[in-house]
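Protein sequence lines correspond, in order, to chains A and B. Each step along the first sequence adds one to the number in the working numbering, with nothing skipped, and position 522 is 522. Each step along the second sequence adds one to the number in the working numbering, with nothing skipped, and position 112 is 112.
Because the hints were derived from the structure by calculation, they are not lab data. Please read these numbers as outputs of a predicted model, since none were measured by experiment. All residues carry an ideal CB built from backbone N, CA and C; glycine is no exception. One or more hints might be untrue.
25 Å max Cα-Cα, derived DMTMM-like pairs, lysine to aspartate or glutamate [stated by the list, open to error]:
#1 LYS591/A <-> GLU563/A
#2 LYS581/A <-> GLU160/B
#3 LYS591/A <-> GLU626/A
#4 LYS38/A <-> GLU27/A
#5 LYS591/A <-> GLU492/A
#6 LYS148/B <-> GLU153/A
#7 LYS148/B <-> ASP594/A
#8 LYS357/A <-> ASP22/B
#9 LYS581/A <-> ASP476/A
#10 LYS148/B <-> ASP106/B
#11 LYS581/A <-> ASP561/A
#12 LYS148/B <-> GLU279/A
#13 LYS591/A <-> GLU153/B
#14 LYS271/A <-> ASP22/B
#15 LYS591/A <-> ASP615/A
#16 LYS271/A <-> GLU229/A
#17 LYS591/A <-> GLU160/B
#18 LYS357/A <-> GLU379/A
#19 LYS581/A <-> ASP427/A
#20 LYS148/B <-> GLU430/A
#21 LYS581/A <-> ASP105/B
#22 LYS38/A <-> GLU229/A
#23 LYS637/A <-> ASP105/B
#24 LYS38/A <-> ASP28/A
#25 LYS38/A <-> ASP76/A
#26 LYS591/A <-> GLU635/A
#27 LYS148/B <-> GLU160/B
#28 LYS530/A <-> GLU564/A
#29 LYS38/A <-> GLU155/A
#30 LYS148/B <-> GLU626/A
#31 LYS581/A <-> ASP22/B
#32 LYS357/A <-> GLU67/B
#33 LYS271/A <-> GLU309/A
#34 LYS581/A <-> GLU626/A
#35 LYS271/A <-> ASP17/B
#36 LYS148/B <-> GLU640/A
#37 LYS148/B <-> ASP476/A
Label-pair restraints from in silico Cβ distances [to be verified]:
#38 GLU10/B <-> ALA16/A: 50 to 56 Å
#39 SER127/A <-> GLU10/B: 55 to 61 Å
#40 ASP112/B <-> PRO226/A: 56 to 62 Å
One-letter residues, chain by chain:
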Amino acid sequence: MVNRLMGGMKLSSDTAQIQGNFSQIREDATTVYERWRKPQRPRIDVAIDTSSLANGALATSNAIEQIANDRNAAIDLGQNHGYGMQWLQPLVTVTWPNGTSVIYGPVNPDDAALIVDEATGRSGAASALAIGVLSGEHTEIPSIREHPFFAQEPEQRRLIARIGLTDPEVMEHYIGSGGWAAFARVLYRGMQPDGVRQELIDGAHGGRGGGGFPAGVKWNFLAGAPGDEHYMVCNADEGDPGAWVNRVVMEGDPHLLIEGMAIAAFATSSKRGFIYIREEYPLAVERMEQAIRHAEAAGLLGDNILGSEFSFQLEVVKGAGSYVCGEETGLLSSIQGQRGQPRIRPPFPAAVGVFMKPSNVNNVETFSHVPLILQNGHEWYREYGTEAMVGTRLFSFSGDIPNTGFMELPFGAPMQEILSACGGVSDGAELKAIHSGGPLGSLVPASAMPTLTLENNSFTPYDAMMGSGGIVFVSDRTHLVILNEFISEFVEEESCGRCTTCHGGNQRMTEIFRRIMNGDGRRADAANLKLIDDMLQQSNCVHGQFSPKPMRNLLQHFREDYEELALQRRDPTLTLPGMTKFRVANPRDSKIEDAVAICPVNAFQGSVGARSINDDACIGCGACTEVAPGAIVREPKQLEAASMPVSAGS
Amino acid sequence: MPLETEARAELRALVADFAPNDGQLMAALHRVQHRYGYISREALEVVAEQLEMFPAHVYGAASFYDEFRLEPPASTTIRWCSGPACRLENGNGIRDAMLAVLGFDDLGERTDDGRIEMVNGQCNGTCEQAPLVWVERPFEHERRVVGKLTAAEAIRITREIRDGESIDGGHETVF
Ligand SMILES: Cc1cc2nc3c(=O)[nH]c(=O)nc-3n(C[C@H](O)[C@H](O)[C@H](O)COP(=O)(O)O)c2cc1C
Ligand code: FES
Chain A
1 MVNRLMGGMK
11 LSSDTAQIQG
21 NFSQIREDAT
31 TVYERWRKPQ
41 RPRIDVAIDT
51 SSLANGALAT
61 SNAIEQIAND
71 RNAAIDLGQN
81 HGYGMQWLQP
91 LVTVTWPNGT
101 SVIYGPVNPD
111 DAALIVDEAT
121 GRSGAASALA
131 IGVLSGEHTE
141 IPSIREHPFF
151 AQEPEQRRLI
161 ARIGLTDPEV
171 MEHYIGSGGW
181 AAFARVLYRG
191 MQPDGVRQEL
201 IDGAHGGRGG
211 GGFPAGVKWN
221 FLAGAPGDEH
231 YMVCNADEGD
241 PGAWVNRVVM
251 EGDPHLLIEG
261 MAIAAFATSS
271 KRGFIYIREE
281 YPLAVERMEQ
291 AIRHAEAAGL
301 LGDNILGSEF
311 SFQLEVVKGA
321 GSYVCGEETG
331 LLSSIQGQRG
341 QPRIRPPFPA
351 AVGVFMKPSN
361 VNNVETFSHV
371 PLILQNGHEW
381 YREYGTEAMV
391 GTRLFSFSGD
401 IPNTGFMELP
411 FGAPMQEILS
421 ACGGVSDGAE
431 LKAIHSGGPL
441 GSLVPASAMP
451 TLTLENNSFT
461 PYDAMMGSGG
471 IVFVSDRTHL
481 VILNEFISEF
491 VEEESCGRCT
501 TCHGGNQRMT
511 EIFRRIMNGD
521 GRRADAANLK
531 LIDDMLQQSN
541 CVHGQFSPKP
551 MRNLLQHFRE
561 DYEELALQRR
571 DPTLTLPGMT
581 KFRVANPRDS
591 KIEDAVAICP
601 VNAFQGSVGA
611 RSINDDACIG
621 CGACTEVAPG
631 AIVREPKQLE
641 AASMPVSAGS
Chain B
1 MPLETEARAE
11 LRALVADFAP
21 NDGQLMAALH
31 RVQHRYGYIS
41 REALEVVAEQ
51 LEMFPAHVYG
61 AASFYDEFRL
71 EPPASTTIRW
81 CSGPACRLEN
91 GNGIRDAMLA
101 VLGFDDLGER
111 TDDGRIEMVN
121 GQCNGTCEQA
131 PLVWVERPFE
141 HERRVVGKLT
151 AAEAIRITRE
161 IRDGESIDGG
171 HETVF
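Here chain A stands alone, though its shape is the one from the complex (with noise of 0.2 Å):
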C-alpha cells in the first residue's frame, strides 16, 4: 500500500506542493502496474465478479492453483474482472513477460492443466479455450476487439476501459494506469469548482440512473445551496432485475468511481459523501469499502486530499432489500436510518437532502465518467452518442440469447445488430419482445428491431423508455404475460406502501394477470387494467406513476396475444400451467417411471404400462416431459371463450 506518504505530505495550497505530492504516489503505483502489465514470469488470472463466482471461478482457481503447486510452475497467479462475455465464464487471461495477455474460456477445473501447460510455454495447449488477445501481439489469437460480442463496442473502451487489464483490489493499477490524474490535475492546476461544473455541462454529460437529467446543472443546484454542509451520494441501489452494469463498474474499477465522487464533491463544496449499495452485492460492497479504506491512506480520500485544502470523507451504506430505497428520496431516508420511503419533491435534494442538508444524487454510473470527461475534455466525450444522448454507457444482455452479458456501447446503437452480436434468439425461436427499463419500464414489440436504436427517442414512440441499461430479450417460447404477471406482483411487493393507488393497484392488477394465467379472463378485464392505470398515474412518486407502463404496452403492442389468452383462453406457448395439459402419450416408453418418480405431486395414477396424469395433482412444472420427453406431451386445456363471442377488432 502506498500510505507512506501521508505523513510526509505538506498540507499547503501551494499547487506545485500538490503536484509534488501526487508525482509520487503515480511513480509509485506506476512501477507496480508495469511489472503488473509485463510480468517477470507468467501470470494466470482467474475473473473474481459476482459473475464469474456463480459459474465456478473459485473452483478453478483452486484447480489451477494446485496444478500450478504440484508442478512448482515458474508462473505467479492474480485475478481481474470478466471482459464481459458472461455466459464464457470463468474466464481466465493468462499474461506473460513480453506484456501479451490471452482471454480463455470457459475455464472449468478439468481445464485447469491446459492453462497451466499454456502459460508455462507448451504455446497452443488451450487454444480451444482461447477467446481473443486482450493486449500485446499474438500470431494465431485474434484481438479482443475483434470478437462479434464487441462488434458494436467503440474501438476502444473508455468506460471500462481497465477492465481485465487490473486487479480491482489494487489501487495501484488504478493510478498507475492513469487514474487521479484527472482530480489531481484539477487541485495543482487550480481549477474552481465552477470550472469543473461548466466541463460536464459543456460535455452535456447526462445522468445515468434513468432520467438522464444533465449531471452539471444538478450540480449547480447543491453548489448554489446555502451553508457549507453538503452531500454527495451515490445511488448503487440498482434494483431493476436485468440490469447490472453499476455492479460492473463497482466490482471491476472501484476507484474511477471514488474519484468520480471526489471531483464532484469538490465541485459542490461537499465534505461527506455516502454509496448505498444494494446488499444483493456482496462483493461490491466489499470492494468499495476496500478501495475507500486504500485510498484514505494514500492520502487522496479523507482531511487534506493530496495535501490540498479540500477533504472529503466517504462511506458505503449497504442496503436491505427494499427496491423502492433506489428512488433518491427514499434512499436519502435510508441513509438517514429511516423506512426507505419516497417523499414528496420539491422539496428536491439539493434543498433538503441527507440529515436535511443540501445534497445530490447520481448515479454510479454518472459519476464514473467524470474522471475521464476532466482528463480528456468535453469534446472527446461528444465523440460518441447521438444529439440527445451524449457519450458511452454500459449496458447488460439477457433473456433468450445465447450469450448474456454487458457491453460498454454508444447511445444510439442498433438493437438488431446487438442482438446479433448476442447469438441471436436461441434455440431458433422468435424474438417476441424487447424488454427494458426493468420493472417501471416497458415491452417493446418485436417489430420496432429494424429501426430501434439504444437512446430514449428511438423507444419514446412505442410509450416505452430505455431505462437504466437492462435488456432483455424475449422470445415467443413462453408466454409475454408470465413479465406482466412478475413486473406488477415485483412493483406490489416493493410499493413502500404509502400510497393506495400503488400497492392496491398492483395487487389488481397482479389478481387480474393470474387469473388469466389460469384460463379465467373475462371481457371486463381489458377496461378494469386501464382503470388501473389511470389510477396508478395518481400516486406520489415514480414507483407507482410509471408501474402500469409494461401492462399499457401488453395492450398497446401485443394486443392479440393478449386478447387469445384472455378470451379465448388460449396459450399458443403452452408455457403457463392453468392452461397447458399434461397427458401420457405413450405408456410404454421406457422413461415413464422416471417421470413417475419425479413428479412432486404424485400426479401419475394408473399402474405400470398403464399410467395417466391426474389432471386435479398437476402443477404443470414440466419435470415429467423433462425426463421422459417421449412419453408425455403438453396440450391446450380445453377451455371456453370468455363469455361473449370476441368479434374481430373488439
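We have chain A; now place chain B with the ligands onto it with these hints.
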C-alpha cells in the same frame, strides 16, 4: 432500565462504536444480523439506546426492509430468483415444483422443524446461469448458486435438502 443480561452486554459491545444521528442505523442492524442471523427484540432495544432513537423507530425501520430478519433464520434457505431471465426459463415451474417438494403453499414458509425456508430472491446479474436458485446457510455465511436448472433438477436438489443431504451441485459465491 432493563436488567443487564450477558446477552445484552454482548450486544452493547457489538454496536458500541456506532454514533447517534450519523446515518449508522443500517450498518448497526447489518452487524447484528451478521452476528446472530437475525435482529432480536433485545437487539432492537440496544441499537435504539446506542443511536439515541426510540425502539419503535428502529423497529419501524428494520421491518421495512425485506432482508432484515426479526426472527432466527432457518438453517438452510433456498432463495429462488424471481428475475426476468429466470422467468423466461420456466422459473415459475421450478418455484412451484420446489414448493411442492417442501409442502409449502407459497414463498416465505418454512418446514415444521424450522430447518428449511424458501424465499423470494432478486436478480443480481448472473443471468447466464438462469434459471437459478441460491442455497444459503446463514449461520455459516455460506451461499451456493445452483443454476441452469431444469424443473427435474430443482426437484432432485430440493429432495436432497429436505432429506438432510448436503448438495454437491452449484458454485460457491460471496454471502
Ligand atoms: C422506484 C425507483 C427506483 C429507482 N432505482 C434507481 C436505482 O437503482 N439506481 C439509480 O441510479 N436510480 C434509480 N432511480 C432514479 C433515482 O430516483 C434518481 O433519479 C437517480 O439516481 C438520479 O441519478 P442520475 O441523475 O445520475 O441519473 C429510481 C427511481 C425510482 C422511482
Ligand atoms: S433473472 Fe435470475 S439471475 Fe437474472
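Quick rundown of the hints versus the structure:
1. LYS591/A <-> GLU563/A: With Cα atoms ~38 Å apart, LYS591/A and GLU563/A exceed 25 Å; violated.
2. LYS581/A <-> GLU160/B: violated, 28 Å
3. LYS591/A <-> GLU626/A: Within the cut-off at roughly 10 Å; holds.
4. LYS38/A <-> GLU27/A: Holds: LYS38/A and GLU27/A sit about 16 Å apart, inside 25 Å.
5. LYS591/A <-> GLU492/A: violated, 42 Å
6. LYS148/B <-> GLU153/A: violated, 28 Å
7. LYS148/B <-> ASP594/A: It holds: about 20 Å lies between the C-alpha atoms, which stays within 25 Å.
8. LYS357/A <-> ASP22/B: It holds: about 13 Å lies between the C-alpha atoms, which stays within 25 Å.
9. LYS581/A <-> ASP476/A: holds, 19 Å
10. LYS148/B <-> ASP106/B: holds, 23 Å
11. LYS581/A <-> ASP561/A: holds, 20 Å
12. LYS148/B <-> GLU279/A: holds, 24 Å
13. LYS591/A <-> GLU153/B: With Cα atoms ~16 Å apart, LYS591/A and GLU153/B stay inside 25 Å; holds.
14. LYS271/A <-> ASP22/B: With Cα atoms ~14 Å apart, LYS271/A and ASP22/B stay inside 25 Å; holds.
15. LYS591/A <-> ASP615/A: holds, 20 Å
16. LYS271/A <-> GLU229/A: holds, 7 Å
17. LYS591/A <-> GLU160/B: holds, 22 Å
18. LYS357/A <-> GLU379/A: violated, 34 Å
19. LYS581/A <-> ASP427/A: holds, 24 Å
20. LYS148/B <-> GLU430/A: Holds: LYS148/B and GLU430/A sit about 21 Å apart, inside 25 Å.
21. LYS581/A <-> ASP105/B: holds, 21 Å
22. LYS38/A <-> GLU229/A: violated, 46 Å
23. LYS637/A <-> ASP105/B: Holds, at about 23 Å.
24. LYS38/A <-> ASP28/A: Since the Cα atoms of LYS38/A and ASP28/A sit roughly 16 Å apart, the hinted pair holds (cutoff 25 Å).
25. LYS38/A <-> ASP76/A: OK: LYS38/A and ASP76/A at ~12 Å, within 25 Å.
26. LYS591/A <-> GLU635/A: Status holds; Cα separation ~19 Å.
27. LYS148/B <-> GLU160/B: holds, 18 Å
28. LYS530/A <-> GLU564/A: holds, 18 Å
29. LYS38/A <-> GLU155/A: holds, 23 Å
30. LYS148/B <-> GLU626/A: Answer holds: LYS148/B to GLU626/A is near 14 Å, not above 25 Å.
31. LYS581/A <-> ASP22/B: violated, 58 Å
32. LYS357/A <-> GLU67/B: violated, 28 Å
33. LYS271/A <-> GLU309/A: With a Cα-Cα distance of about 11 Å, the restraint between LYS271/A and GLU309/A holds, given a limit of 25 Å.
34. LYS581/A <-> GLU626/A: Holds, because 15 Å separates the two Cα atoms, which is no more than 25 Å.
35. LYS271/A <-> ASP17/B: holds, 22 Å
36. LYS148/B <-> GLU640/A: violated, 36 Å
37. LYS148/B <-> ASP476/A: Cα-Cα ~20 Å, so holds.
38. GLU10/B <-> ALA16/A: 50 to 56 Å: At roughly 53 Å between Cβ atoms, ALA16/A and GLU10/B fall inside 50 to 56 Å, so the hint holds.
39. SER127/A <-> GLU10/B: 55 to 61 Å: Cβ of SER127/A to Cβ of GLU10/B: about 58 Å, so the range 55 to 61 Å holds.
40. ASP112/B <-> PRO226/A: 56 to 62 Å: Holds: the Cβ-Cβ distance is about 60 Å, inside 56 to 62 Å.
This entry does not satisfy hints 1, 2, 5, 6, 18, 22, 31, 32 and 36, going by the numbered hints stated previously.
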